[in-house]
Amino acid sequence: MEANDTVQTGPVSPLVLQIVAPGDIVLDLAKAGKVVRLGGGLRQDGDSVVVTRAGRLRHMQANNKYWVEGSQKRYVPNVEDGVIGVVVDRRFESYSLDIGAPTYAILPILAFEGATRRNAPNLQPGAAVYARVVKAHRDVQPELSCMDVSNKSSGFGSLKNGYVFECSTGLARSLLSKPMCPVLEALGKRFSYEIAVGLNGRVWVNAQEPSTIVAVSNGILASEFLTPAQQHIMVAKVIERMQ
Amino acid sequence: MAVEEASGSASVVKDVASSMEVEAFRRLFPLQYIERYLDSAVRPDGRPLGRARPTDVVLGQVPTTDGSALVRLGNTTMLAGVKLELCVPSAETPDQGRIAIDFQMPPICSPHVRPGRPAEDACAINEQLSIVLASSQLLDLRQLSITSGKSAWVAYLDIYCLNADGSLLDAALLASAAALMDLQIPTVSINNDGKVQIVSSREKQDQPMVDAEEGQETKSKFVEGRSLKLGPVPVALTCMLHKKHLLADPTAEEEAVLQTVLVVVLDSPDKLISLYKPGGQVVATTSTVMDCIALTRLRLKEVHSILEEATQTHEED
Amino acid sequence: MINLEMSEQARVDGRTANQLRPTLCSRSLLERAHGSARWQQDNTIIMAAVYGPKPVSGKKEDPERATLEVLWKTKSGIAGNADKEAEVTIRRTLEYIVLSSMHPNTGISIILQVVNDDGAILACAINAACAALVDAGIPLTGLIVAVSVGVTTHGVVVVDPTKVEEKNFRAHVCLVFPNRPKCTVAGLPAPVGGEPAEHGIITCVTRGAMSVDEYMNCLERGRAASVKIAKFTRTSLEHCQRSYEIMS
Chain A
1 MEANDTVQTG PVSPLVLQIV APGDIVLDLA KAGKVVRLGG GLRQDGDSVV
51 VTRAGRLRHM QANNKYWVEG SQKRYVPNVE DGVIGVVVDR RFESYSLDIG
101 APTYAILPIL AFEGATRRNA PNLQPGAAVY ARVVKAHRDV QPELSCMDVS
151 NKSSGFGSLK NGYVFECSTG LARSLLSKPM CPVLEALGKR FSYEIAVGLN
201 GRVWVNAQEP STIVAVSNGI LASEFLTPAQ QHIMVAKVIE RMQ
Chain B
1 MAVEEASGSA SVVKDVASSM EVEAFRRLFP LQYIERYLDS AVRPDGRPLG
51 RARPTDVVLG QVPTTDGSAL VRLGNTTMLA GVKLELCVPS AETPDQGRIA
101 IDFQMPPICS PHVRPGRPAE DACAINEQLS IVLASSQLLD LRQLSITSGK
151 SAWVAYLDIY CLNADGSLLD AALLASAAAL MDLQIPTVSI NNDGKVQIVS
201 SREKQDQPMV DAEEGQETKS KFVEGRSLKL GPVPVALTCM LHKKHLLADP
251 TAEEEAVLQT VLVVVLDSPD KLISLYKPGG QVVATTSTVM DCIALTRLRL
301 KEVHSILEEA TQTHEED
Chain C
1 MINLEMSEQA RVDGRTANQL RPTLCSRSLL ERAHGSARWQ QDNTIIMAAV
51 YGPKPVSGKK EDPERATLEV LWKTKSGIAG NADKEAEVTI RRTLEYIVLS
101 SMHPNTGISI ILQVVNDDGA ILACAINAAC AALVDAGIPL TGLIVAVSVG
151 VTTHGVVVVD PTKVEEKNFR AHVCLVFPNR PKCTVAGLPA PVGGEPAEHG
201 IITCVTRGAM SVDEYMNCLE RGRAASVKIA KFTRTSLEHC QRSYEIMS
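Chains as they are written, first to last, in UniProt numbering: chain A, 1 to 243; chain B, 1 to 317; chain C, 1 to 248.
Okay, chain A solo, but in the shape it has when bound (with noise of 0.2 Å):
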């Protein structure tokens, strides 16, 4: 689609940011309008769009673009997505990842920028590795690559060190949501770390000292069910503890 054609949205579902359940009928094809897209948990069933998962359904008007969000620990890949994958395997021309999907990841040696036959990153298996997913079908493994799509890292890539922990998807969404998470900014104020963080629930941490990883990683699982006021109490006592 040409970006100055405005897309004709037709009535947008009733159903947009309420809570909807497998088997619910959002949308009616006959009536939307040119170009619906679907994203993760709907399907096309005949002429209507239906729920496959639980969770609350969101629209977005620039493209015309439903899905719905829940929060599972298993990860469906979807395409675009910036997942952390643990190397498995190494074959001749891909490595094997752990992304928690259904199947591995296959990530191809060259998918790293500037490298050739002769300087491809060497990666054993246990490295952590940030990539971002290129082909996901549900009949073949995903592939994910370390480059973005003009070739550049831009930040994809190996991660030296640091700690990888899992958590659910819907947690991983929240801590990549802006502004930034409110325990993400409290444990900042204290502490001094890096992060990265997959849409595939799995968080990668890394900081001068192990105490500094331990907490920052509980501090971050223990935030799940909690509302802003009180993770800025849960962080004041990590922080209390490790004194």
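Note that these hints are calculated values from the structure, not bench results.
Take the hints with a grain of salt, since some may be wrong.
[Unchecked claim] Here are the simulated DSBU-like pairs of lysine-lysine, each with C-alpha atoms no more than 35 Å apart in a straight line:
| id | chain 1 | residue 1 | chain 2 | residue 2 |
| --- | --- | --- | --- | --- |
| 1 | B | 244 | C | 167 |
| 2 | B | 150 | C | 163 |
| 3 | C | 59 | C | 73 |
| 4 | C | 231 | A | 31 |
| 5 | C | 163 | C | 59 |
| 6 | C | 182 | C | 231 |
| 7 | C | 167 | B | 301 |
| 8 | C | 182 | A | 135 |
| 9 | C | 182 | B | 243 |
| 10 | C | 167 | A | 178 |
| 11 | C | 73 | B | 271 |
| 12 | B | 271 | C | 163 |
| 13 | C | 60 | B | 243 |
| 14 | B | 243 | A | 31 |
| 15 | B | 301 | C | 84 |
| 16 | B | 271 | B | 229 |
| 17 | A | 135 | C | 54 |
| 18 | A | 237 | A | 178 |
Here the structure is a predicted model, which means the values were calculated and not measured.
Got chain A; can you put chains B and C on it based on the hints?
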């Protein structure tokens, strides 16, 4: 995208169908193969949708048992045998005997069954068979009692599937009922101490019994052998549900393709012993349930007359 | 047909014939499982855990769909034929809602643990399994509702029997219906065979003999009770979703 795929494959199927051999089409597109028959209200083996396969019951096939039956439902073959043993009845039910049912699917019956762990289906049918026989009034366990509180019969009912070609529960239930109809309880003698002994027809002639230790004559009571008085025979009919059609008595091929099963067991036109529908792809409406019950009523009459014929033929032998 | 006033037939725990036991559903209880739920109907408690979609070995792998596996664990831990039958029934029931074609070559395992058995155990297990599947984010075509109905020796139909009632009753039935979805399009979900879609029977397991009329009566009561359970499931789901969003 899902919609495009579905219509694409349907048109692909139509094109391919016209140029392909029947057997190849049957393997590659089993659902469409069967649907083409169903749309003309007939099945691949030529039966109308609601008719069961030709059924054959022969009693008394295994002389070493106390009662046996061989049932053929189309290609599905079941062999049932009952053996009686003496036992002491339990304290909660002193005037009842026991029945132990074991349904087995040896590897001979189907290429899908391997030796070793019993197939899931075998365990499920075993359980359903026990429940149906317990819920129906076919066998009153008090008939298996000899002396209340002291001795009774335990009936070991074994059903072997010799060929599994669909409708296994129907055939197994029929075989069990027929074996119980064929069952002859042997004559027993009970002496004064309450000890029970099975008497063969030859020994009956040697009277009186001599007690070896005491060297005296002991009087013993004879309980004559008899066949069981059975209640109404429950009849099962397995139906397959398709979006538009209802099939009775499926073959293994139809079962594998259509997936959704509904089993109705009746023992009289108005008494439902069991209705079993384990999920599937298709939902059953009230009218579908009534149609299945109607088909089972017809089958009930059929099976009862088949059993009567079989008993008469057996008595004539 | 015997016409008895419901007040004359007071049940042991004081409920009326159409009253369900207090129901409780907790989700996401287990740390390691990808989805979990605990369904409690008064004293009948079942815990369900879902793992998947995950890779499976050789024979079980299906290139077109995910393979479902159900494991039923009894309280005593000793498995019998009844448990295998329950596994088969539950697996085939769940195959109706799981969109297994979205994850080919994988396996989904559902483990059901009986914590306490006080009647209506199959219905409770199916409800727990459905809640656990939703919690795991497995793609589903819809939700299902399971309810247990009993027939007393006098022919009276009673909803949600306890274990003592099940033993004394002539028969009991476990029925599973689809849950009515929220729908913004008029005319959907389409009625099936002249009845609303949520009246269709997905699964039915009967124990004991009853007349055909009594069975039809059971269906009617079951459908009415399933509406209440469906409403409860939705409320529980919304409550759980809101607790995930507290952070933002």
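These are the hints, each one checked on the structure:
1. As the CA atoms of residue 244 of chain B and residue 167 of chain C are separated by approximately 39 Å, the hinted pair breaks the 35 Å bound.
2. Pair hint residue 150 of chain B plus residue 163 of chain C holds up; C-alpha atoms about 31 Å apart against a cutoff of 35 Å.
3. For a cut-off of 35 Å, the pair hint linking residue 59 of chain C to residue 73 of chain C stands: about 24 Å separates their Cα positions.
4. Simply put, residue 231 of chain C and residue 31 of chain A have alpha-carbon atoms about 29 Å apart, close enough for the 35 Å limit, and the pair holds.
5. Restraint check: the Cα-Cα separation between residue 163 of chain C and residue 59 of chain C comes to about 39 Å, which exceeds 35 Å; the hinted pair is violated.
6. Between residue 182 of chain C and residue 231 of chain C the CA atoms are separated by roughly 11 Å; this keeps the pair inside 35 Å, and the hint holds.
7. Annotation: proposed proximity of residue 167 of chain C to residue 301 of chain B holds, straight-line Cα distance about 32 Å (limit 35 Å).
8. Restraint check: the Cα-Cα separation between residue 182 of chain C and residue 135 of chain A comes to about 33 Å, which is no more than 35 Å; the hinted pair holds.
9. In summary, the hint linking residue 182 of chain C to residue 243 of chain B is supported, as the alpha carbons are separated by about 24 Å, within the 35 Å threshold.
10. The suggested pairing of residue 167 of chain C with residue 178 of chain A is violated, with an alpha-carbon distance near 60 Å, which exceeds 35 Å.
11. Straight-line distance between C-alpha atoms of residue 73 of chain C and residue 271 of chain B comes to about 34 Å, which keeps the hinted pair within the 35 Å bound.
12. For the hint pairing residue 271 of chain B with residue 163 of chain C, the CA-to-CA distance comes to about 24 Å; that is within 35 Å, so the pair holds.
13. Straight-line distance between C-alpha atoms of residue 60 of chain C and residue 243 of chain B comes to about 28 Å, which keeps the hinted pair within the 35 Å bound.
14. A hinted pair counts as satisfied when its Cα atoms are at most 35 Å apart, and residue 243 of chain B with residue 31 of chain A qualifies at roughly 28 Å.
15. In summary, the hint linking residue 301 of chain B to residue 84 of chain C is supported, as the alpha carbons are separated by about 33 Å, within the 35 Å threshold.
16. A C-alpha spacing of about 20 Å is found between residue 271 of chain B and residue 229 of chain B, which places the hinted pair at or below 35 Å, so the restraint holds.
17. The hinted pair formed by residue 135 of chain A and residue 54 of chain C meets the criterion: a straight-line CA distance of about 19 Å does not exceed 35 Å.
18. Our distance criterion of 35 Å between C-alpha atoms is met by residue 237 of chain A and residue 178 of chain A, whose separation comes to about 25 Å.
In summary, the numbered hints that this structure violates are 1, 5, 10.
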